[in-house]
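Asker: If you read the sequences in order, they're chains P and U.
First residue of the first sequence: 66, per the numbering used here; consecutive thereafter.
First residue of the second sequence: 19, per the numbering used here; consecutive thereafter.
Simulated from the structure, these hints should not be mistaken for lab results.
No residue lacks a Cβ here, since even glycine has one placed at the ideal position from N, Cα and C.
Simulated restraints, written as ranges between beta carbons of each label pair: (1) Gly190(P) with Lys405(U): 56 to 62 Å; (2) Lys405(U) with Phe108(P): 56 to 62 Å; (3) Ala284(U) with Phe108(P): 41 to 47 Å; (4) Leu238(P) with Ser90(U): 31 to 37 Å.
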Amino acid sequence: MAAPGGFSGTDFRKEEAYFLGFTQAQVMAFVVLIAFLLISPFFLYPVFLMKLLCFALFACAFNLLVGYVGLLSFGHAAYFGMGGYLTGHAAKVWGLPPELSILLGGLVGAALGLVIGWIAIRRQGIYFAMITLAFAQMVYFFCVQAPFTGGEDGIQSIPRGYFLGFLDLSRDLNMYWLTAGVFLAGFLLIHRIVHSPFGMVLKSIRENEPRATSLGYRTDDYKLMAFVLSAGLAGVAGGLKSIVFGIATLTDVFWTMSGEVVLMSLVGGLGTIFGPFVGAAVIITMQNYLAEFGAWVTVIQGAIFVLCVLAFRRGLVGEIGNWLRVRL
Amino acid sequence: MSPPRRPLLAALGGLAAMPATRLRAQNALGGRTIRIGVLTDMSGPYRDPTGMGSVACVQQAVADFAGALGLSAEVIQADHQNRPDIGSSIARQWYDQGVDAIVDVPTTSVALAVSTIARQKNKVFLNSGAASTELTGAACSPNTAHWAYDTYMLAKGTGAAVTRTGGESWFFVTADYAFGTVLQRDVTQFVEAEGGRVLGSVRYPFPATTDFSSFLLQAQASRAKVLGLANAGTDTANCIIQAREFGLTRRMRLVGLLMSLSEVHALGLPAAQELLLTESFYWDLNERSRAFAERVQPRMPNRAMPGAVHAGCYSAVAHYLKAAAALGPAVTQLDGAAVIAGMKAMPTDDDAFGPGRLREDGRKLHPAHLFQVKSPEESRGPWDYYKPVATTAAENAFRPIQEGGCPLVRSPAL
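Bound conformation, chain P alone:
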């Protein structure tokens, strides 16, 4: 796929790292993000915010692959959903504490990513997308049939439990702080990955893979590593979501979920650090607050998608960054 983000050829004044790999503009945006996370639960409904953060983490994980390596996976629902199922099963049936259950969800996502990624990265472009979609559909059919997933009823009444044995997560605000913490950790991890030497190689693969190969990099290894990291983080996001809502269902492994995360990343801005968060916020807000308009939700979503593809090719954050001439 062509270089997403479209940064090549744009002149940015504040290219150089300013703080921990952040540019000056990114530091400002990060401060705004932290402030939002700290203040918002007192103004907005915490469960809505938690949902937003779960999807934001999912979109960030997806963006790591599509935005920085240029691999468009169309099967990320598989890692997200399986992470959710395993976390739910671990918390409900095995009685594990929430932090271990979520970790397990992440591990399952990563393991699944290792297997599927190992096969999928051998092809590029549309073939890569189709292979990931095909495997995701296999995972979906597995989830329809496997006894532990509860078929179309899903895993219901997953207990939130106690974080580290003392923090009562059944209180929404406590659950919110945990969710915000996990999201921030994932967000910073992705930022660190992108700005490490490893991340530089990933971006070089995105820009020109044969050239990266000719420089002596084993690009397949790098791509697989990025795939596993992305799938693992998607698994963590899915696990977090099933703890927050107490349910894990087929919706999370269905292909429309893979489409939704593509939509979030596109609306927010591919290849930008803050884009997926903004994209997830826009889509989740619409789903939540436009629910009373019935069938119009999907129509409005579609219209916004078309608008973004036509008018904001770089996504919301990408366009704002371009307008202010900074990298966000």
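Using the hints provided, position chain U relative to the given structure of chain P.
Answerer: Relative to the frame of chain P, chain U by itself:
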């Protein structure tokens, strides 16, 4: 960069800010007004049998009863898009922000999630749209009541009645997921109890199947008298149309195990004629059901006739309001379990279902009717679709209370 982008960005920003103001406006309400939220499918496969029709029927129940009982009630609505995550987050938000009862909720996964939340927050959940017997079985709750129908009622009403009326050999085309396989298992049990035989069955992958020809040909080769369709929605419609094209209907009786009036309407009588199905409500059943249908029809989308789930929403809310009036609005808003207990304590009676009662496990009892779809010649006009074949009495139509495994039920034997 072209100029129109900035205003567009600003407009999107405005869109994001809008919900916050809406929320505050909703918070300002509340007080002693009973708030009823209709959480339903408005955009997916169940939007016709549930959807805006359910909203219309809840509004009708409020118009018929709230004022007369001295209550003030308000109805709000939302689309859960058949997604448990969206449904459960709306339900949480509604309950936290002063909604006292949630009504309808088709799709079992969403209904089970809402039932759990209603119990946690001690509110009321009046289910009409979801079919699973789980809601009044292992997952039953003191805060949940189940109206209209369930899979057991469908299986018994159809399986036993069809076998008794001469359809003694069956073949199933079954959607290969829990709903389809459970439905087939239940119907098989009633067919065999009546002395019938199941000659075979075929499972097809769900939800990716649209061409049913090979499955229908297997059914034809079995020489069974009855073809049972253990599936729902568009799958059933596709099966019926394709079965007619293959000429199966000349030798076999087609039985839709989960069909509703709106689906027959969508299929049209030429395709759906002679189909057998079980429903708990039909608008042209008697004087009272016709009176109810006439009242609500102007509110219905496209002036459709109400179906069983719609009628279930009406009946459930009517009974809820009666219990609420007996307890007073203050207790109603404080203690959902008390309202449900009050609903169980008094007999139900409304135009849609006539007299009945709400059982201890949350199951609403009323008769189940086996209908046959009329041929185009027999039909006297729009929505005149069914002729009654058999009726199962209320006490026999649903799963016996001891078989459900509901923890709320104290077993006298033990």
